[in-house]
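Visitor: Please take these sequences and the hints and turn them into a complete structure.
There are 2 protein chains.
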Amino acid sequence: MDALKEQNQDAKLITGNRGVRLNNENLKRLTEDHLYHIALSNVQHDLGQLFGDVKFVCFGGQSSRMEKFASFISKELGLEDNGPPKNYAGNTDRYAVYKAGPVLSVSHGIGIPSLSIIFQEIVKLVYYAGCRDVTFFRIGTSGGLGLEPGTVVVSERVVNGALEPSYKMVVLGKTIDRPAVVDTTLVEDLANCSLNSDNFKTVKGTTLCADDFYEGQGRVDGAFCEHEDGEKFSWLRKLKDNGVTNMEMESLGFIAMCHRANIKGAVCCVTLLDRFEGDGLTTNRQLLSEWQTFPQIIVSRYIQQKLNESS
Amino acid sequence: MDALKEQNQDAKLITGNRGVRLNNENLKRLTEDHLYHIALSNVQHDLGQLFGDVKFVCFGGQSSRMEKFASFISKELGLEDNGPPKNYAGNTDRYAVYKAGPVLSVSHGIGIPSLSIIFQEIVKLVYYAGCRDVTFFRIGTSGGLGLEPGTVVVSERVVNGALEPSYKMVVLGKTIDRPAVVDTTLVEDLANCSLNSDNFKTVKGTTLCADDFYEGQGRVDGAFCEHEDGEKFSWLRKLKDNGVTNMEMESLGFIAMCHRANIKGAVCCVTLLDRFEGDGLTTNRQLLSEWQTFPQIIVSRYIQQKLNESS
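These protein sequence lines map, in sequence, to chains V and H. Quick note on numbering: this note's numbering labels position 129 of the first sequence as 129, and the sequence is numbered without any gaps. Quick note on numbering: this note's numbering labels position 89 of the second sequence as 400, and the sequence is numbered without any gaps.
Sample of chain H residues lacking proximity to chain V, with all beta carbon distances greater than 12 Å (derived):
1. Q360
2. L361
3. E387
4. N393
5. Y399
6. E459
7. G461
8. L497
9. C504
10. V514
11. D585
Each computed SDA-like pair below joins lysine to any residue, with the alpha-carbon atoms no more than 20 Å apart:
12. H:K397 with H:F383
13. H:K339 with V:G230
14. H:K515 with H:D500
15. V:K264 with V:D189
16. H:K543 with V:T175
17. H:K512 with H:D500
18. H:K379 with V:N91
19. V:K28 with H:H538
20. V:K174 with H:G554
21. H:K617 with H:R443
22. V:K168 with H:E537
23. V:K168 with H:V481
24. V:K168 with H:F535
25. V:K174 with H:S545
26. V:K28 with H:E537
27. V:K174 with H:N553
28. V:K168 with H:I487
29. H:K339 with V:G280
30. V:K168 with H:E475
31. V:K174 with H:D540
32. H:K339 with V:F233
33. H:K379 with H:T403
34. V:K204 with V:N242
35. H:K485 with V:M169
36. H:K485 with V:D177
If you only want the chain H side, here are some residues facing chain V, beta carbon under 10 Å, derived:
37. G422
38. S425
39. A473
40. A521
Everything labelled a hint here was simulated from the structure, so no lab data went into it. Note that the Cβ used here is the ideal one computed from N, Cα and C, for glycine as well.
Guide: As structure tokens, this is what we get:
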């Protein structure tokens, strides 16, 4: 227990260039930290031995997609001989945590509340594991505004439904604002990973983060809807005039929490449809699956570039 | 297509005593409705044939738990001879939709945004399938306030972090309020399914719905925390003085959407810890799993009672 307390007390020393900032003095008093939703513990598992080499954490919605990404990045990094990436959260099915060398591939479910749990437990995991200079990515899907479906958007700004870059949450009955400050260097570096030879476009843009897929994104095809197509299109045009290129459901919390944790982070999503053309996802699932690899390709190039620089 | 349009135009006729209210005129214009997140369509699948006999939809967070519940209710209803319940959303891993006779057992992930998607697609599913008199339940887990862990709470009131029974969402840039009106008859009937011989208690109470597991529920053991134990306990005491018995992350959206859809619905959760005793879930997983069956037992009794009444 003493070693753990010492480790906790040394929180501020684990900084590197961009150290994980826990900013929670209360953790010093814990004799054991159960990362409940991924069924890992800083006492029952040797997190340093298991995860100490992690440099990149890639989050995405679905477990199956993040398993595929783990296999993809494993191959890209020449690690296939290690066998298929293992799911370290295999004792629970709430989230999946695959590892391929220095890369964790983590599912976050849908929406900021679901993301916020796994995000915090992963921040604690990389902290307890003693990781340094870790970079986080959200690799996801989104609805586009005036973009050809299958376009990759690197978010240079993330906003809520009122177009503010602010993640609001209620703590002890009071609403607090967490600013969603984007890491502009990382955004530029990621966007520069696009190649002229790619069979998809990569752009920078503003991402609107909604708390709902249907009404929250102005769709008219949910079970509930109190607005008409005309009002929807006026709103979509207003968004586009304000630089919004795509909409999804996690970017705001993701960027705000990265900023809060002093972790480099970026959001990179493919658009699955152009919302000016419709609301439903009618493209066949095979093509949708192929499109979902596009942001993975961009992030994989960034990871390989950084690993080459440091080797 | 004509049959579909007719079916859509007949929306208001599908009422029964408590018909599903779609309240979305826009759906009349769809030639096909892709229920994208469960990989079902009202044209490519015969939803009436597959799901027309559904009378109860039970939602819960984890897919594995909802698979177990489907097996449990299948056994309780004497349907084991039909084989293990099938997951009809098997073409996607975002959600699971198991069916056991007249009961659907559906996973909703974590948080209202995740719930809102599957809720709306299930409302459309039971509507397209022509189901009548459907009752929805959320069977979940929660943190308790001053209750013995393992107690079942039937929510007679659900509130947000500001203690208001109001689900706020942003639509087309404007915040709208959806009242979370509980069905008091269903609450009474559910609470009355408790037996003196049960090895757990069942109580009625107010459930606070938070958008986060850590700070949003006042925990001090997340990656981020800006308050102290003392402030937490003051807040917990204030909640208890206001009748709050437990906290979770979906009840508010669930009850508000049931009310909006004119569907009878109730929330029934077990408490996994007493928040006055701590924040971490330290009870062993086997006992936690056993506790998670308690609200399933209560809801199962209600379902059997209703099926017996109507047979």
